[in-house]
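Based on these hints, arrange chain B on the given structure of chain A.
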Amino acid sequence: MWFASPDEVRGRLAAVDYLADDGIATSVFLAGALGKPLLTEGPAGVGKTQLAKAIAQATGARLIRLQCYEGLDEARALYEWNYKKQLLRIQADDEAWEDIFSEEFLLERPLLKAIRSDEPTVLLIDETDKADVEVEGLLLEILSDYQVTIPELGTITATRRPYVVLTSNATRELSEALKRRCLYLHLGYPTPERERDIVLTQVPELPGQVAERLARTVATLRGLELKKSPSIAETVDWARTLLALGRTDLDEGMLGETLGVVLKHNSDQIRAAKELGLSRP
Amino acid sequence: MIEQDGKGGPLLDRHVAFVHALREAGLPVSLAEGLDAAKALTVIDLAERETLREAYAATLVKRLQHRPGFDALFDLWFPPVISGGYGTAGPAPAGGRAEHPPPPEPSEASAPPDPSELAELRERLADLLMGDPDDPAFRAFARSMVERFGKIQAAGNRQSWFSFPVLRALSPQTLIARMLDRLLAEQGRAERGGLPEKLARHQISRNIRKFEEAVASDVRRRIAEESGIERIAKATVAPPIDRVDFLRMTKDELARLRREVYPLARRLATRLTVKQKRGHRGRLDFRRTVRASLSTGGVPLTTHLRPRRPHKPELVILCDASDSVAAFSHFTLLLTFALREQFTKVRAFAFVDIVDEITTLFHPGADVLDAVLRLTKEADITRFGRTNYGHVFTTFAERYGDAIGPRTSLLVLGDARSNYQPPALETLGRLAAEARHAYWLNPEPRPQWDTGDSVATSYAGIVPMHECRNVTQLATFIEDLA
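Chains A and B, in that order, are what the protein sequence lines are. So for the first sequence, the numbering used here puts the first residue at 1; every next one is plus one. So for the second sequence, the numbering used here puts the first residue at 1; every next one is plus one.
The set of hints was computed from the structure by calculation and includes no laboratory data. We put the beta carbon where it would ideally sit given N, CA and C, even for glycine. Heads up, some of the hints might be wrong.
Derived SDA-like pairs (lysine to any residue); straight-line CA-CA distance at most 20 Å [to be verified]:
1) 85(A) <-> 293(B)
2) 228(A) <-> 363(B)
3) 345(B) <-> 314(B)
4) 85(A) <-> 145(A)
5) 84(A) <-> 289(B)
6) 198(B) <-> 84(A)
7) 84(A) <-> 302(B)
8) 113(A) <-> 42(A)
9) 210(B) <-> 345(B)
10) 227(A) <-> 361(B)
11) 198(B) <-> 130(B)
Under 10 Å between C-beta atoms, here's a sample of chain B residues computed to sit facing chain A [claimed, not checked]:
12) 63
13) 133
14) 263
Looking at chain A on its own, in the form it has when it is part of the complex (with noise of 0.2 Å):
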């Protein structure tokens, strides 16, 4: 077992900085007892890759992270024989057909590794939506059944089963079969009220007013049709910059100055200044 309760999950959780919501703490709770893998999706920087961080830190996990790009392929994921020692093998010895695949040549990669690890296991599967489509289907066996056949060496079972997180972005739609399989934890942008408390968390040193005040900006710049809506950790960054400048109140003039910090596109810029009514150098 990995909780024993979803407020087990908040409070652990709250001591290494990452504040959970009812949603967050149940489903990372459900992910530990029904032994399924946890899918979180959403914006960017709504701390996604973080709550698997967070997770791992929280019950002493070893981490092991797979990172999804275009054309990541069996080999990178899974594994990979080590063609280069094996052709060096036979080169050598000519009667050592029969031996070339076994463990020393085994190059081991992300997925092996989690399900043969011995010890606790958080297993983090990142932005996997920028993987092409046959890699969700190199999930799907590791994902049920925590197995892996690998042709040569036969069905690996994992001895002890990894904590599996998937993030995405959706900037494509996951395929059914793999929805199916996991749990599904949307992470959203957060209420002010909450909002307020991660700046807290994450900055202290910042008065907490100062952070209320960033909060509800932030959420009405969310508000606003904009093309890319500030981050959990835009709105971090802002409170740092704020710090930085040693400034402790937000009026108008400050907020046109950095916002920069927090929207990213000259059009959303112009749009936020215009409907808060913000100078803008």
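Chain B alone, transformed into the frame defined by chain A:
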């Protein structure tokens, strides 16, 4: 499992009925997922309602668009309270479930509110609206207000529950000014205006919306108690945004849709790239294959293929900007411009009864809302204000005929309702013949084509016409196009 612990019988029934209702509402809940949810019920604390909700959500709801519908149904199947457990005066609901709710007294509920009492209630509402809406007292207050004002006596001895009398009696909108003053005073600002007011206003309007939702949710719960869950469940769940008809969209939904333009475009673009890659691969790239084989001692273990040159069409969009189909046209325009990279060149023209080029309004980095506003204000597209397709095609051929060449795809957006004017079929035929492809997207449902002044079929004879009523259909079309 649940059924074995004896007292779980009713819970199991409720679980099965709930899963069934979700399927009825269009959520794709598979058997395996239903089982997962049942397993989840055995490990969580069932007395914690929010944990129960999230456990169901994590196991059954795998798409964000389905979440609002799920929440509405959850509130019906697992109501926070059962009627009769609390009075109108007490702010907090009784914790336990009342076995036999006492019948509410109609005389009390229908009595006109006493002005001083009403002022007191409104004062309390203002306090709550300025606080944290996740506070349990917030929902409890909404519930007691529905109890107090929401009942309407119908003919005979029947009664029903409604939201509007509650909102009319309390009228939270008229409290805004007072709340703004108080919030600003708390921050030590005497005067209105500027950023603090904007922030306070945003906070208050968000909380008012939450209050309205809480009231609506409690009204649904009461109706469900009186006439059965199944009856109301069907009417409760709105279709997800990508299935809402363009022509029936509310202002709110349009705004939500506009916010979806960029994410949708990104999703489409990724899908298109994937498709292009997965299509026929090109010929063997001999050089790269040999180069790669060097690392394996000259054995070509992996072959490399040349990528195929992607097909990128030139696009000319001719869109009806009259009020009847404006929502559809604007959205389609926004989407095609957001997908600019997928096309070599996009030129857009808008018309009502004359035609004007609007490509410049959608320059890269342009603001979405701005572009739509400028389209209605600046483009010279109206003479008499009634759509005239025939005249539009003729002027288009005269003025911008050179926009169409052998590499362009022509895309016409409109409902083909030409107010009984001559349709200029042969002009459109000539334009379509010059273009590489021509398509017509019609936001009206197919059965309504050719009714009234619609000449859909005549145009469809020249240019293939597709029904395009919602975002899903539009996305499919664009995917086929690029």
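Checked hints:
Of the pairs offered as hints, the one joining residue 85(A) and residue 293(B) holds, with about 15 Å between alpha carbons and a cut-off of 20 Å not exceeded. Restraint check for residue 228(A) and residue 363(B): satisfied, since their Cα atoms lie roughly 17 Å apart, inside the 20 Å limit. Proposed proximity of residue 345(B) and residue 314(B) is supported: the alpha carbons are some 5 Å apart, at most 20 Å. Restraint check for residue 85(A) and residue 145(A): not satisfied, since their Cα atoms lie roughly 32 Å apart, outside the 20 Å limit.
Taking the CA atoms of residue 84(A) and residue 289(B), the gap is near 17 Å; set against the 20 Å cutoff, the hint holds. Only pairs whose Cα atoms come within 20 Å are accepted, and residue 198(B) paired with residue 84(A) is rejected, the gap being roughly 66 Å. Of the pairs offered as hints, the one joining residue 84(A) and residue 302(B) holds, with about 14 Å between alpha carbons and a cut-off of 20 Å not exceeded. Between the alpha carbons of residue 113(A) and residue 42(A) the distance comes to roughly 27 Å, so the proposed pair goes past 20 Å and is violated.
Distance hint between residue 210(B) and residue 345(B) is unfulfilled; the C-alpha atoms sit about 45 Å from each other, more than 20 Å. Distance restraint check for residue 227(A) and residue 361(B): the Cα-Cα separation of roughly 16 Å lies within the 20 Å cut-off, and the hinted pair is therefore satisfied. Pair hint residue 198(B) plus residue 130(B) holds up; C-alpha atoms about 14 Å apart against a cutoff of 20 Å. Interface hint at residue 63(B): satisfied, since its Cβ lies 8 Å from the closest Cβ of chain A, which is below the 10 Å cut-off.
Checking residue 133(B) against chain A: minimum C-beta separation of about 8 Å stays under 10 Å; hint holds. Residue-level restraint check for residue 263(B) holds (minimum Cβ-Cβ distance to chain A is 7 Å; threshold 10 Å).
Violated hints for the displayed structure, listed by number in ascending order: 4, 6, 8 and 9.
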